Structure formats: C-alpha cells, structure tokens
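S.K.: Heads up, the sequence shown stops at 290 in our numbering, and the numbers go up one at a time, no gaps.
Be aware that a few hints might be false.
[To be verified] Within a straight-line C-alpha distance of at most 27 Å, the following computed DSSO-like cross-link-like pairs (lysine-lysine) qualify:
(1) K240 x K140
(2) K141 x K34
(3) K27 x K67
(4) K140 x K176
(5) K141 x K240
(6) K67 x K30
(7) K27 x K176
(8) K140 x K34
(9) K34 x K176
(10) K240 x K30
(11) K67 x K34
(12) K67 x K176
(13) K141 x K176
Simulated from the structure, these hints should not be mistaken for laboratory data. Being a predicted model, the structure only gives us computed values, none of them experimental.
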Amino acid sequence: MASKGNDQTSVDQFIARISTEYDTLSKQLKVIAKYVEQHRDHVGLEGIQQLATHCQVQPSAVVRFAKHFGFSGFSEMQAIFREGLTRQLAPNRNYRTRIRDIIESGSGSLSSVEIAREFLAGSQAGMHELEANLDEAAFKKAVDMLRETDCIWIAASRRSFPVAVYLDYAFQHTDKRVCLMSGLGSMHQGQMRSVREGDVIVAISFAPYAEETLAAVDLAVERGARLIAITDSRMSPLAKLARATLLVQDNSTFGFRALTSTMGLAQSLFIALAYALELPYRPTSPKTAT
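Based on the sequences and whatever the hints tell you, model everything.
M.R.: Printed below as a string of structure tokens:
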C-alpha cells in the first residue's frame, strides 16, 4: 500500500483493503485486522507493544501485518491513522483513559451516581464515534432498500434482540409487511421459509455473532432476500453477505456493553426511511399512548 496520505480517506481505503484480503490472512493477522478496524483511534495513538498486547500477539506479528499491506513497518502504517483522527476521537480516548484510571484505583469506592455518570459518559463517547464514522453511502443504500421493498424482515438474538424489537415497532408505522424473527419455539429458521425474493432483511449481530441470527440470514439470502447488516466489523459474517453494512461500536463500561449507539443507529434508520416515504405525522392520542 505504502500510502503517505494522512487523511480519513486513506484510513478508509486501508480498512477496505483489509476487509477484501481478510479471508487470506493467518489466524494472528485476522485478530490484528479486526482490532485495527474496530479501534482505529488506538492504532493512531498507541505504540506497537500496546497494540500487540490488546491483540494477544507478539510485536513481530504486528510488523508482519504492516508489511503484508505494503508498509515498511508499524510506524509507517500508524502514520495514516494519526492526522485528524487523533483530534476527532480524542474525547473518546479521554473517556477510556479515565475509566481505566478509576478501575485501577479501586472502583469499589465509586458511588451509584458516579457509576451512572461514567456509564453515560461511555455511551456519549460511543455516539460521537458513530456520528464521526457513519458510512454515508451505506446508510443511504440501506434506506433505499427499505423504501423499495414491500416486506421487511428483522433478525437478532440475545443482546441485540431489543434493537430488533424496536425496529419491528418502528417499521409497523409504514404500510410495509414487517416480520420479526422471534425464534418462538426455536423456530428461527422455520420463520425464514416465508421469505420471498425481493424482501429485505435487517440483521443485527456483534462478535462473537449469534448462531441463530447467522443461520436465519443464510437461509433468507438463499431465498432471495437482500441483507442490511448492523454489525461491528466489515470482516463479520453478516458483512460478507450484506448489500449494505452499517458499522457501530458500543462502548463497554465496567464490563457491561451498552446498546446506546446501536439503538441510535436503528432509530436514525427508521427516521430516514419515514422521511423518504413522506409518512404523515400522526400525534399519539392519550388513549393509545405507550
């Protein structure tokens, strides 16, 4: 690659190339690839030893990764992440540094209010990161797919399921047929037998990726559905099948992962669709308020 450009475009091009070559990488290099994509701010700010520690590999593996993509070494690869990105994501890094300092100093001394504030600060940092890194082309593609289809399927499991339930509720405000993969009676795949060519399925899943969601998506795509993936990596199993991939990273605070950014992305998707469909505003009456 050996690109000297230090702007966001260079970073995006590098991440896109990593995604393209991901399946050909060794196991260790795949771990580094996913870390580089999901923690690009860290790559621009931390040293090679820190990156290697996060990936649980030797620094030499990081050097091999950089050279695989045409850089002379880690320093040249790191340079493309630094300019602009350091300033852009500094608030997020400051939050993470503060959290680490608090935990190392003994988090047991924190009050309930302090814990709440730190968790909310983490959620805010995640929202800022989502806003800064939102893929405009992919988001527009997703909205267009939803606008053009007659039937929307929604698939998610476990931690992601609340997001799917919200989308089911929101999409019911359109005139489209909306089907939530509930998995009732372990019928995840059975529900997918009603999928028809031209349908759109929105699937939400994050590492380590729910097997139920992946199996349902595979079947839906085989039956001709087009996939919108809400996930955490271009290298995720969902992204490989998707027509549009929306990436989101929710921060983890005290070991608990928030849903704030993912829910914000889901709500944004519906609002953009409602605007595209020119849905009329219907105020909720007191009798139907929820």
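S.K.: A separate judgement is required for each hint: does it hold in the structure or not?
M.R.: Going down the list of hints, with the structure as the test:
1. Straight-line distance between C-alpha atoms of K240 and K140 comes to about 19 Å, which keeps the hinted pair within the 27 Å bound.
2. This hinted pair checks out: K141 and K34 have alpha carbons roughly 24 Å apart, not beyond 27 Å.
3. Simply put, K27 and K67 have alpha-carbon atoms about 16 Å apart, close enough for the 27 Å limit, and the pair holds.
4. Annotation: proposed proximity of K140 to K176 holds, straight-line Cα distance about 19 Å (limit 27 Å).
5. For the hint pairing K141 with K240, the CA-to-CA distance comes to about 16 Å; that is within 27 Å, so the pair holds.
6. A distance of roughly 14 Å separates the Cα atoms of K67 and K30; the hinted pair therefore holds under the 27 Å criterion.
7. At most 27 Å may separate the alpha-carbon atoms for a hinted pair to count; K27 and K176 exceed this at roughly 43 Å.
8. For the suggested pair K140 and K34, the alpha carbons sit about 25 Å apart, so the restraint of at most 27 Å is met.
9. Note on K34 and K176: the hinted pairing is violated, with a Cα-Cα distance of about 36 Å set against a maximum of 27 Å.
10. With a C-alpha separation of about 15 Å, the suggested pair K240 and K30 falls inside the 27 Å cut-off, and the hint holds.
11. Among the hinted pairs, K67 with K34 is consistent with the structure: their alpha-carbon atoms are about 17 Å apart, no more than 27 Å.
12. Restraint check for K67 and K176: the C-alpha separation of about 50 Å exceeds 27 Å, so the hint is violated.
13. Distance check on the hinted pair: K141 and K176 sit about 18 Å apart at the alpha-carbon level, within 27 Å; holds.
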